[in-house]
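So the protein lines, in turn, are chains B and W. Its first residue numbered 1, the first sequence is counted upward by one per residue in the numbering used here. Its first residue numbered 1001, the second sequence is counted upward by one per residue in the numbering used here.
Among these hints, one or two may not hold up.
Pairwise CB distance ranges, derived in the manner of DEER restraints [unchecked claim]:
| no. | chain 1 | residue 1 | chain 2 | residue 2 | range |
| --- | --- | --- | --- | --- | --- |
| 1 | W | Leu-1025 | B | Glu-20 | 55 to 61 Å |
| 2 | W | Leu-1017 | B | Gln-138 | 55 to 61 Å |
| 3 | B | Asp-113 | W | Ile-1106 | 21 to 27 Å |
| 4 | W | Val-1076 | B | Glu-179 | 34 to 40 Å |
| 5 | B | Arg-332 | W | Phe-1178 | 39 to 45 Å |
| 6 | B | Gln-70 | W | Asp-1129 | 54 to 60 Å |
| 7 | W | Ser-1258 | B | Arg-64 | 23 to 29 Å |
| 8 | B | Pro-111 | W | Asp-1260 | 38 to 44 Å |
| 9 | W | Leu-1250 | B | Arg-108 | 48 to 54 Å |
| 10 | B | Asp-361 | W | Asp-1260 | 47 to 53 Å |
Covered by chain B, per the in silico footprint, the following chain W stretches (three or more residues, Cβ under 8 Å) [claimed, not checked]:
| no. | region |
| --- | --- |
| 11 | 1158-1166 |
| 12 | 1183-1190 |
Don't read these hints as lab results, they were simulated from the structure. From a predicted model like this one, the values you see are computed outputs, not experimental measurements. Glycine included, C-beta positions come from ideal geometry on N, C-alpha and C.
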Amino acid sequence: MTSAAADYLVVDHLIKQYGETRAIDDMSLSIPRGEFLTLLGPSGSGKTTLLMAIAGFVTPTSGRILLQGQDITNLPPEKRDLGVVFQGYALFPHMTVEENVAFPLEVRKVPRDEIRRLVAKGLETVQLTALAKRKPAQLSGGQQQRVALARSLVFSPPLILLDEPLSALDRNLRTQLQEELKQLHRKLGVSVVNVTHDQDEALSMSTLIAVINHGRIVQLGTPYEIYERPRTQFVATFVGRSNIINAAVLGRDQGGTVRLEAGGHQFTSTTSTGAAIGATVPVSLRPERLILTTGTAQPDGLAGTVAEMTYHGNTTQYVVDTAAGQLRVEDRSQQLSAPVQPGTAVTLTWPADAPCIVLADD
Amino acid sequence: MQPAATPRLSRTIVIALGWLGLIFLLAPLAVVFPVSLTPERYLSMPTDSISFQHYAKLISDTRWSSSILTSLWIAVLTTIAATTIGTLCAIGLWRLSGRLTQYLRILLLAPLIVPPIVHALAFYRTWTDFNWLDTISGVVIAHTVLCIPLVLITVSTSLSGFDRRVEQAARSLGASTFTVLRRIVVPNIAPGILAGAAFSFVTSWDEVVTVIFLTSRKVMTMPIVIWNSLSERVDPAVAAISAVMILLTLIAVFLRLSKDRKPQGH
């Protein structure tokens, strides 16, 4: 086969038009086998439309979808062999857990003994063997989620699609199931495409994240890349609420670092920019990377005044007024002996790798 | 007046009115049963003796027995046809669900809105051209048209509570459209289909207006025989058949209720 392992799932210039609006506006991506890709975006961004296009329930206006080198764009959903876990799980209410899981095997005419064996194995994987004879209505949300997962895994599909699989669950259960999903992914080595609007879920579960906004893929990268090196202002603020300050480009050093200035304070960034000297660029500064000091003014920092302070126990959140704008500061280390009260004059400093130059949103 | 007395008084009035309404509805039944047992050959209350001759007549008199069979036959065929078409129609409208299907839905419900005499006339006019007058199939087709909207309503109601994603899930798991219909959709809307079938059966079973227009001699349905018996000579067999039908209905209702109650015993 010509398609390399890197092109396991390919979305090629996909467009979906509804009247005047484009739910999917020229999306392209290519992911290797075995990845856990999360489509992350606000509601209405087109992430679910993309997932449903891969599943076959949305016919794209143009573009192609390829799986393992095969063009599946025009295949009906039942011919795609994908394991889909729908929002709300969509279990068959009139069938028992066992019958639900057996369904995809029955329609594939798998011999009865084999069905029995695979269903038993599948239920064991999600730890539901004891509940095999129950109806979905008699299960908790977490259990229903596991049934849906077992049902989509039992026929060993080449790709699993998850549509906000954890959104209906409470927080504790969600964390637990995130762990389970991750383990399952590691253990079975299946390729997964997951949709969520929850950035924590995306960061903790995925091996790859595609941040989607207004029908476009804004950035595709590992969770680390997405969080530490956001490409645009939208990514920086949507994934973990960052501070955006506008800084002027002063020049470039030989090592590639960019010298910047904001609010009368000069600093550097290791990220590159195509902007000309003298131009203004948005710079992302994560609240938890900012270090707040009181007392004698540091010559090396950005001076400011604490406007608000919220104590959360494990962290303390500050809003600090500076010449470069209002900045959010999150103190996780709790190095300060006591929370700094509003009105206090402070200085903000940060490690050299903290500022990240981003692209302004359209 | 004491504050506590008011709700109790109004409650009593409501209950009393309820019973009055019930008696008003059930009073004819109290007449039908004794009349069916009269020894006379005309509609009358039995005085000195009772007789079951009118019940026997329902079986022995071929006019009655064959009309009952004809009505049953028509009702069964109508139920099968209307339930199948109505169900498929409801599923189709549910799947497509656009503005056009809304208009289509209203159009399909038209037979319920148009007065019976009007569509009876329309059937008569059309059936003459088709040469379908006075045939069983002619009546079945007309009744099917009348019953499809009933099925459409009950099945659509069932479908409105059915999660579209369940159907999508079945397809994504590899089931063909027909398998999804048979194994997923139909079992989940079975109550609506059964209700539609029941309504269709009952509607066809006692439908008289259309049948009067569409039949003359060859096809004699039970409601037609009742109608003729009443207009000719007030035959007490009419009371007997009414009594039988009431009893059958009661038995059906009790069977249904006892079936509903069973699961609670667990």
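For each hint, the structure was consulted:
{"no.": "1", "hint": "W:Leu-1025 - B:Glu-20: 55 to 61 Å", "verdict": "58 Å, holds"}
{"no.": "2", "hint": "W:Leu-1017 - B:Gln-138: 55 to 61 Å", "verdict": "43 Å, violated"}
{"no.": "3", "hint": "B:Asp-113 - W:Ile-1106: 21 to 27 Å", "verdict": "52 Å, violated"}
{"no.": "4", "hint": "W:Val-1076 - B:Glu-179: 34 to 40 Å", "verdict": "58 Å, violated"}
{"no.": "5", "hint": "B:Arg-332 - W:Phe-1178: 39 to 45 Å", "verdict": "58 Å, violated"}
{"no.": "6", "hint": "B:Gln-70 - W:Asp-1129: 54 to 60 Å", "verdict": "56 Å, holds"}
{"no.": "7", "hint": "W:Ser-1258 - B:Arg-64: 23 to 29 Å", "verdict": "60 Å, violated"}
{"no.": "8", "hint": "B:Pro-111 - W:Asp-1260: 38 to 44 Å", "verdict": "40 Å, holds"}
{"no.": "9", "hint": "W:Leu-1250 - B:Arg-108: 48 to 54 Å", "verdict": "49 Å, holds"}
{"no.": "10", "hint": "B:Asp-361 - W:Asp-1260: 47 to 53 Å", "verdict": "60 Å, violated"}
{"no.": "11", "hint": "1158-1166", "verdict": "holds (count 3)"}
{"no.": "12", "hint": "1183-1190", "verdict": "holds (count 4)"}
Violated hints for the displayed structure, listed by number in ascending order: 2, 3, 4, 5, 7, 10.
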